[in-house]
Amino acid sequence: MSTLTVGSRSVALDKDGYLQDLGDWSRDVAHALAAQEDLELSPEHWEVLELLRQFYQEFQLSPATRPLIKYTALKLGPEKGNSLHLNRLFKGTPAKLAAKLAGLPKPTNCI
Amino acid sequence: MKRHRSPIGSSALGAIEMAKSLLIISRQAPWSGPGAREALDIALAGGAFDLPLGVLFLDDGVFQLQAAQQPGQLQQKNLAANLQALPMFGVDELFVSSVSLAERGMDAGNLSLAAQPLDEAELSALVDRYDQVITL
Amino acid sequence: MTTLHVLSHSPFGDNRLASCLRLLGNADAVLLTGDAVYALQPGSEPRRQLSERRLATRLFALEEDLQARAIDPAGLALAIDYPAFVELSIRFDKVNSWL
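Residue numbers (our numbering), protein chains in the order written: chain A, 1 to 111; chain B, 1 to 136; chain C, 1 to 99.
None of these hints come from the bench; they were simulated from the model.
Even glycine gets a Cβ: it sits at the ideal position worked out from N, Cα and C.
Errors might be hidden in some of the hints.
[To be verified] Here are the simulated distance ranges between beta carbons:
#1 C:Asp72 x B:Lys77: 41 to 49 Å
#2 B:Asp119 x A:Glu50: 39 to 47 Å
#3 C:Ile90 x B:Ser21: 14 to 22 Å
#4 B:Lys77 x C:Ile90: 53 to 61 Å
#5 A:Leu39 x C:Leu99: 42 to 50 Å
#6 C:Glu64 x A:Lys15: 41 to 49 Å
#7 A:Thr108 x C:Glu64: 24 to 32 Å
With the rest of the complex left out, here is chain A:
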């Protein structure tokens, strides 16, 4: 457990650095979480984060890598929905890292 300071707010994180309360998420929180991972969020990152939040809305769980790729391919096309693109954006662990930045719980079923 730790906290993340975003502007004047302090946000609770779990032991793996994921938001304790999904309702705490905002774009500023995502930027702060990304900064902790030495990541600068580009529009390409954002479209995946938005997609993950949509996935969570729909299925109430965080996707493992394979469903993340499949869902991204379905919504954004195969040139975005492939492991190469997603690995490049999210330091080789897209399911875990992108879920964290999107404010979702840590995905189960991930290596």
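For chain A, the structure is supplied; the task is to place chains B and C on it using the hints.
Same frame as chain A, now just chains B and C:
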């Protein structure tokens, strides 16, 4: 479809290619006990790891497929929503017993998830087809 | 592929046995353990259903569970011990435990 493989050794990859097929028979109602959740978790985990598997909804398990369930006030993970993710996890072989549906006055055309209805003879043929079977 | 179906719940007030019989293949077998051996209770409805299926040499029951419950399998099921249980598990392509 292009599939992502995690950077694991070639022997482990071989094990995945050779993976035995698994049929999960889910026969518990959705909200009263752990059985339905456990069956779904096995299916999602297996799908995430690319295992060839199918799910058969039998007996009270068909209630998991009831349309328009609203479990929001139960303080449980939303099994009905999670079930919808099965095809995203690569689990497309979904079956339901037409006798179990008929007993409960349910219609195969009005389920929350597209599952293929099977009659009694097709059920035993289905079990026969998989290398392994687990019933929860 | 052959399946050994293993049951351990009493058939009274539970439909595992009935469902198992529904999807039982022609070369599949049933092993009754624990309270599932009550399905062999003489004069009972589950025993009648089992006899109707004429499983002959494809119906087994665990001896110690029969003895503990004073159930006589005579004429319907073959009583087996644990080593025979293991042998059966190997003889069939897969084992399906009705948990």
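Check each numbered hint against the structure and report the violated ones by number, ascending.
-> 4 and 7
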